[in-house]
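Enquirer: All chains, please: the whole structure from these sequences, using the hints.
The listed protein sequences derive, respectively, from chains G and H.
Quick note: the first sequence, position 65, residue 65 per our numbering, numbers continuous.
Quick note: the second sequence, position 20, residue 20 per our numbering, numbers continuous.
There's no promise every hint is true.
If the Cβ cut is set under 10 Å, some of the chain G residues that face chain H in the computed set are [what the hints assert, rightly or not]:
#, residue
1, Gln92
2, Ile94
3, His119
4, Ala122
What the hints contain is simulated information worked out from the structure, not anything from laboratory work.
Backbone N, C-alpha and C define an ideal beta-carbon position, used for all residues, glycine too.
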Amino acid sequence: MTEDVLLQAGDVAKYFPLRQRGPQVRAVDGVSLTVHRGETLGLVGETGCGKSTLARCLTRLTDLSRGTIVFAGRDITRLSRHQLAPVRRDLQMIFQDPYGSLNPRRRVGSIIGDPFAIHGVAEGRDRQRRVQELMDRVGLNPEHFNRYPAEFSGGQRQRIGVARAIALRPKLIVCDEPVSALDVSIQAQVINLLDDLQDELGLAYVFISHDLSVVRHVSDRVAVMYLGQIVETAPARQLYEQPRHPYTAALLSAAPVADPDLADRRRRVLLTGDVPSPVAPPTGCRFHPRCPKAQARCTVEAPALTARESDAGTHLTACHFPVHSVDELVPR
Amino acid sequence: MSTTPLVARGERGIAGRSPFRLAMARLRRDRVAMVSAGTVLVLVLVALAAPLIAHLVGHDPSTQYRETGLTPAGLPVGPNRHFLFGTDNLGRDVFIRVVYGTRISLLVGVVSTLLAVALGVVVGVTAGYFQGATDTVLARFMDVVLSFPFLLFAIALVSVAGPSIVVSVCVIAFFSWAAVGRIVRGQTLSIREREYIAAARSLGAGDIRIMFVDVLPNLVAPVIVYTTLLIPTAIVFEATLSFLGMGVVPPTPTWGNMLSDSLQYYQVAWWFILFPGLALLITTLAFNLLGDGVRDALDPATERLFAEE
Chain G
1 MTEDVLLQAG DVAKYFPLRQ RGPQVRAVDG VSLTVHRGET LGLVGETGCG KSTLARCLTR
61 LTDLSRGTIV FAGRDITRLS RHQLAPVRRD LQMIFQDPYG SLNPRRRVGS IIGDPFAIHG
121 VAEGRDRQRR VQELMDRVGL NPEHFNRYPA EFSGGQRQRI GVARAIALRP KLIVCDEPVS
181 ALDVSIQAQV INLLDDLQDE LGLAYVFISH DLSVVRHVSD RVAVMYLGQI VETAPARQLY
241 EQPRHPYTAA LLSAAPVADP DLADRRRRVL LTGDVPSPVA PPTGCRFHPR CPKAQARCTV
301 EAPALTARES DAGTHLTACH FPVHSVDELV PR
Chain H
1 MSTTPLVARG ERGIAGRSPF RLAMARLRRD RVAMVSAGTV LVLVLVALAA PLIAHLVGHD
61 PSTQYRETGL TPAGLPVGPN RHFLFGTDNL GRDVFIRVVY GTRISLLVGV VSTLLAVALG
121 VVVGVTAGYF QGATDTVLAR FMDVVLSFPF LLFAIALVSV AGPSIVVSVC VIAFFSWAAV
181 GRIVRGQTLS IREREYIAAA RSLGAGDIRI MFVDVLPNLV APVIVYTTLL IPTAIVFEAT
241 LSFLGMGVVP PTPTWGNMLS DSLQYYQVAW WFILFPGLAL LITTLAFNLL GDGVRDALDP
301 ATERLFAEE
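Expert: Encoded structure:
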C-alpha cells in the first residue's frame with residue numbers, strides 16, 4: 001500500500017497574517033491526506049473553507065506555515081523554487097478561471113509549449129508538433145495554435161489549461177475547481193476529457209469543487225473540508241450513502257435533487273448561523289456552534305479524524321458523536 | 001462598422017489577430033489620432049529634410065542676412081517672399097531656423113523619452129515583481145526623484161557640465177523615468193497576482209522567464225501610451241532648458257532659444273515669437289492627441305465595445 005502512495009500531506013497549515021504581528025487567518029489548519037497513484041481524491045467544501053489554499057500548498061505554490069508534503073517518496077516541503085523545478089514535471093495544476101489562467105498576450109501554441117520550453121524538452125518544429133498533438137488530444141483544432149486565448153470559448157480555454165498540464169505526462173494534477181466557471185454541458189465535456197486522460201496516462205487527480213454531484217461522479221475517494229480542516233473522508237460511494245459527520249450530512253441534504261417528488265419528501269438539515277471566522281475559530285470541534293448534535297464535550301475537545309464505531313479503516317470522521325441517520329439532525 | 005469578422009470561420013491556417021493588431025485597426029478609425037499621426041509624420045519628414053529645405057530656399061540657419069534680412073534701422077523684417085516667416089534680430093531666416101529646430105526638438109524628445117522609458121520599465125518591473133525590500137528601496141528612490149526641483153537641478157548640472165545636447169537629454173531622461181517606473185511598478189504589482197503567473201510558476205518557470213514572457217507583454221500597452229505622452233513633455237522640457245540658456249548652445253537653432261531671443265522684439269516683430277511658438281504648440285498637441293488615441297485604442301473597455309459591434 002505504501003508504494004502506492006503518491007502524495008502525502010501531514011498536518012499542513014497555512015496562516016495569512018492580517019497585519020504584521022497581528023491575528024492570522026487560518027485558511028488551512030492541520031490537514032492530513034494521502035493520494036494514491038491513479039486515483040481521484042475529491043475535495044469538497046463551502047466557499048472560503050480553504051480548498052484553494054490547500055491546493056496551492058499541495059503544489060508548493062505557497063510556503064506552508066506548518067506540516068510536511070511528501071511527493072513520490074520525496075519530502076518537498078522545504079525545497080526552493082529552483083529545487084522544485086524538476087518535481088513540477090510530475091506535479092501539475094489546473095486552475096479555476098479559464099480566463100485568468102492563460103496569458104492574454106500570448107498565442108495558444110506558445111502557452112501550451114511552455115512546459116516543453118521551461119524544462120528544455122523539445123525545441124522548434126518538434127515542440128510545435130507536440131503542441132499540436134496535445135491540442136488534438138484535448139479536442140482542440142491543432143490549426144488554431146497561433147490564435148490568442150481571447151478567441152476561444154470558456155470550455156476551449158479550459159482544454160488549453162488541460163493540455164498545458166498534461167504536456168509533460170505528470171503523475172498528479174491538482175484541479176482547483178476546473179469546471180466551476182463553465183456551463184453545465186461544457187462541464188460534462190471537460191470532466192469526460194479528464195476521465196479519459198486518467199485512463200490513458202494513469203494520472204492521479206486531486207479534484208477540488210463545491211459541486212457535490214460533480215465530485216461524486218469523478219472521485220474514488222472524497223474528503224470534506226470545513227473551516228480549514230478535513231472533517232470526513234471516505235470512498236465516494238460510502239460517503240454519499242452513509243455520511244457520518246453532521247456537516248457532511250447537512251451538505252448532502254442541501255444538494256438539489258432533480259426529481260421534484262423526491263425533493264418534497266426529502267428531509268433537509270437546516271444549519272443555523274454562519275461559518276465562523278477563520279481568524280478566531282471555535283474551540284473544540286470547529287463545527288459545534290452550528291451542529292444539531294453538539295454536546296458539552298464538543299466545545300472543549302477537538303475530535304480526531306479516525307474511523308468511528310464499526311466503520312471501515314478507510315472511512316474517517318472527525319466527530320465525537322457520528323451520525324447514523326439524517327433524522328437525528330432534523331428537529332421534530 | 002468593421003466589415004471583417006473578428007474571428008474568421010472555416011478558414012484553414014488563419015493567423016490569430018493579435019491584441020496589437022486589433023488596437024491598430026481601432027486606431028485607424030480614430031480620425032483625430034490619424035490627423036495627429038499625419039502631423040507627426042510631417043514633422044519627422046521636415047526634420048529629416050531640413051538641409052534639403054534650406055537648399056531649396058537658399059538660406060542657411062545661422063547666416064545673418066544683414067542686407068535683405070534687416071530694415072535700414074536694423075530691425076527684423078516681416079514675412080515676405082524671401083523670408084516666409086520673416087527674420088530675427090540678427091537677420092536670420094526664421095522659417096529655416098524653425099525647420100532646423102524641429103530636428104533638435106524631435107531628437108531630444110524621442111531619445112530622452114526612450115532612455116526614460118527603458119530605465120523606468122527596468123526599475124518598475126524589478127520593484128513590482130520582487131516586492132519586499134527591493135521594492136521599498138526602488139519605490140522610495142523614485143519618490144525622491146519625483147520630488148526633486150528639476151530646474152534647480154538642471155541649473156546646477158549645467159553649470160558643472162556645461163550646456164550641450166547630451167546634458168539636456170540626460171537631464172530630461174533623469175527627471176522622466178521615475179514617472180514611468182511608478183506606473184510600470186503598479187501594473188506589475190497587479191499582473192503578478194494574476195492566475196497565469198501562478199500557472200507559469202506551477203510549470204516551474206523561473207523569475208527571469210516570468211518577467212520577460214508573462215509580465216512584459218502585458219506592459220506593452222501602458223508603456224506605449226506613456227511613451228507617446230512623454231515625448232511632448234520632453235520636447236517642452238528641452239524648449240524650457242534652451243529658453244533658459246541651459247540646453248542646446250547657440251547658434252544651433254532650437255524653438256526654445258528662438259523664443260528666448262524673441263522676447264525683446266515681440267512688440268515690433270510678432271513673427272519672431274509666433275512661428276517657433278506655433279511649431280511647439282502643434283508638435284506637442286499632435287503627440288498628445290496621438291497618445292490619447294493610442295490609449296483609447298489599447299483600452300480593454302473599448303475592446304469590449306468593439307467585440308459587441
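Enquirer: Hint by hint, note whether the structure agrees.
Expert: Checked hints:
| no. | hint | in the structure |
| --- | --- | --- |
| 1 | Gln92 | holds, 7 Å |
| 2 | Ile94 | holds, 9 Å |
| 3 | His119 | holds, 7 Å |
| 4 | Ala122 | violated, 14 Å |
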